[in-house]
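Take these sequences, add in the hints, and give me the full structure.
The chain contents come next:
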Amino acid sequence: MQVPGVLGQLMHALRCLPGVGPRSAQRMAFQLLLRDRDGARRLAETLLLALDRIGHCGDCRTLSEDPRCRLCADPGRDRSELCIVESPAEVMAITQATGFRGLFFVLNGKLSPLDGMGPAQLRLDVLESRLKSGEIREVILATSTTVEGEATAHYLSQMIRQVGIEVSRIAYGVPFGGELEYVDGTTLAHAFKGRQTF
Amino acid sequence: MTSVPCKAWVMSTEASGYLLHQIPYRETSSLVDVFTLTHGRHRLLARGLRKPGPTPLHPFTPLQLAWSGRGSLPVLTRVEAAGTPLTLTATALYCGLYLNELLIRLLPQEDPCPAVYAGYHQTLTRLTQKDCPEAPLRYFELLLLESLGYGLRLDRSAVGCPVQADRHYHYRIDYGLEEVPAPTADSLSGSTLSALQNHTLSDEIQLRQAKRLMRRLIHHYTQGKPLGSRALFQTRTITSPPA
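Residue numbers (our numbering), protein chains in the order written: chain A, 49 to 246; chain B, 2 to 244.
These aren't lab readings, by the way, just hints derived from the structure by calculation.
If you're wondering where the values come from, they're calculated on a predicted model, not measured in any experiment.
Be a bit skeptical, because a hint or two may be false.
For each label pair, taking beta carbons as the anchor points, the in silico distance ranges come out as [unchecked claim]:
#, chain 1, residue 1, chain 2, residue 2, range
1, A, SER216, B, GLY225, 16 to 24 Å
2, A, ARG101, B, GLY49, 30 to 38 Å
3, B, GLN123, A, ALA92, 32 to 40 Å
4, A, ARG101, B, ARG217, 31 to 39 Å
5, B, GLU135, A, PHE246, 49 to 57 Å
6, A, GLY164, B, GLY150, 25 to 33 Å
7, B, GLY49, A, TYR220, 18 to 26 Å
8, A, THR194, B, GLN123, 23 to 31 Å
9, A, ALA92, B, ARG51, 26 to 34 Å
10, B, GLN123, A, GLN206, 24 to 32 Å
11, A, GLY242, B, ARG51, 22 to 30 Å
12, A, ILE218, B, ALA186, 44 to 52 Å
No residue lacks a Cβ here, since even glycine has one placed at the ideal position from N, Cα and C.
Laid out in C-alpha cells, this is it:
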C-alpha cells in the first residue's frame with residue numbers, strides 16, 4: 049500500500065539505498081521520526097553538505113572535496129606510475145596493502161555492455177589527458193578479475209599502448225595461505241596458466 | 002561448489018548451462034540470467050552470491066545448475082563447474098560478451114533451444130582458439146535467427162531460382178533474396194551466400210558481405226536498439242602523442 053504524504057515520500061526516498069526494500073525503508077523512516085529525530089536532522093544536513101561539497105577529483109576522478117584530491121596533490125608521490133582501479137574503495141585497499149607510491153585513476157565503473165556501461169560512460173577523456181601529459185611511464189591495470197574487469201583492462205591497454213606507455217596487469221591466482229585442494233577450479237586454472245619462472 | 006539451503010518440499014530442477022549476465026540484487030544476492038540446455042534462457046535468484054569467497058558462477062564456464070520454485074523468480078540452489086572455463090582473451094572476450102548480449106536480447110525466456118545451446122558452446126570453443134573470430138560469429142548469428150523462426154533461405158531466391166555463385170543478390174527482410182543486375186553497397190555474391198550457409202566463409206569480401214547482412218538482420222530483429230558490446234570493438238584513438 050502506498051503511504052500518503054511526506055512519510056510516504058521519505059520511505060520512497062530511502063529506497064534509493066542499495067539493499068533497502070519497502071519494509072526496511074518503513075523501519076528506517078519510523079526509527080528516524082520516532083526515536084532519533086536529532087540523528088535524522090544531522091543525517092539530512094550532512095547529506096546536503098556532502099552533496100554540495102564532494103565532487104570528483106579533476107585528475108583521478110575519485111571522490112574529493114577539493115578540485116584535486118589529497119593523493120594527486122601530494123608532491124611526495126611517484127608521478128610516473130599510474131594505477132587504474134574501478135572504484136574509490138580500491139584506492140584505499142591498494143594504498144594500505146601494497147605501499148604503492150604512485151598515483152591512481154578511478155574509472156567509477158567497468159565496461160559492461162549489458163548494464164549500459166560502454167567506453168563512453170567511463171570518462172576516458174580525463175584519462176587520455178593524463179596519458180598525454182608525458183609524466184607517466186607505467187600504467188598498472190588493477191580492474192577486477194571478472195569478465196567485465198578483463199574486458200575493461202584489455203580495452204584500456206589497447207588505448208594506452210598507442211602513446212607508448214608500458215602497461216601491466218595485476219596478477220591473479222591462488223590466494224596467499226591457500227591450499228590448492230580448496231581453491232576453486234577457475235582460479236586454479238588461471239593460476240596455472242599464469243605460472244612464473246621460479 | 003556454492004550451496005544454498007533449499008526447502009525439501011519445493012520441486013527442484015537441474016540443468017547444464019552458462020551464466021549470461023548477473024545483476025546485483027539486495028545486499029549480497031544477484032539476479033542471474035542463465036542459458037540452459039533444457040530450459041533455455043532463465044532468470045534465477047542467487048542468494049548470498051556476492052559474499053567474499055570463490056564461486057564458479059562466471060560467464061563462459063560450463064555449469065551444472067539446480068534451482069527450485071516455479072514462481073516468477075526461482076531460487077538457484079546449487080551451482081558447480083561442469084568443465085574447464087573457456088578462457089577468452091582480448092577480442093575473443095568482446096565476442097563472447099557480444100554472444101551473451103545477443104542471447105539476452107533475442108532469446109525468449111524459458112524456451113529450450115538445444116541447437117542454439119550446442120552452437121553457443123561450439124562458438125565459444127572456437128573463440129578460445131586463435132583464429133579469426135568473424136566466421137564463427139556469423140554462423141552463430143545465422144543459427145540463432147533460424148532457431149527463432151526467422152530462417153533465411155540462402156540457396157534460392159524468393160522466386161525459387163537456385164543461387165548462382167557469380168551472380169549478385171539483395172536480401173529483403175521477411176521476403177528473401179532478389180537478384181540484382183550489378184553489385185551494390187549491400188548486395189551479396191552467390192558465393193558468399195553459399196559459404197555462409199555451408200560454413201566455409203573464407204576471404205575478406207565474403208566475411209564483409211556476410212557481416213553486413215547479419216548486422217542488418219540483427220538490427221531489424223532487435224528493434225534497432227544498438228548492441229552495447231559493439232562499442233568495445235572500436236578502440237579509443239588518442240589523437241596527439243604526449244608532449
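Hints breached by this structure
Those not satisfied are hints 1, 3, 4 and 5.
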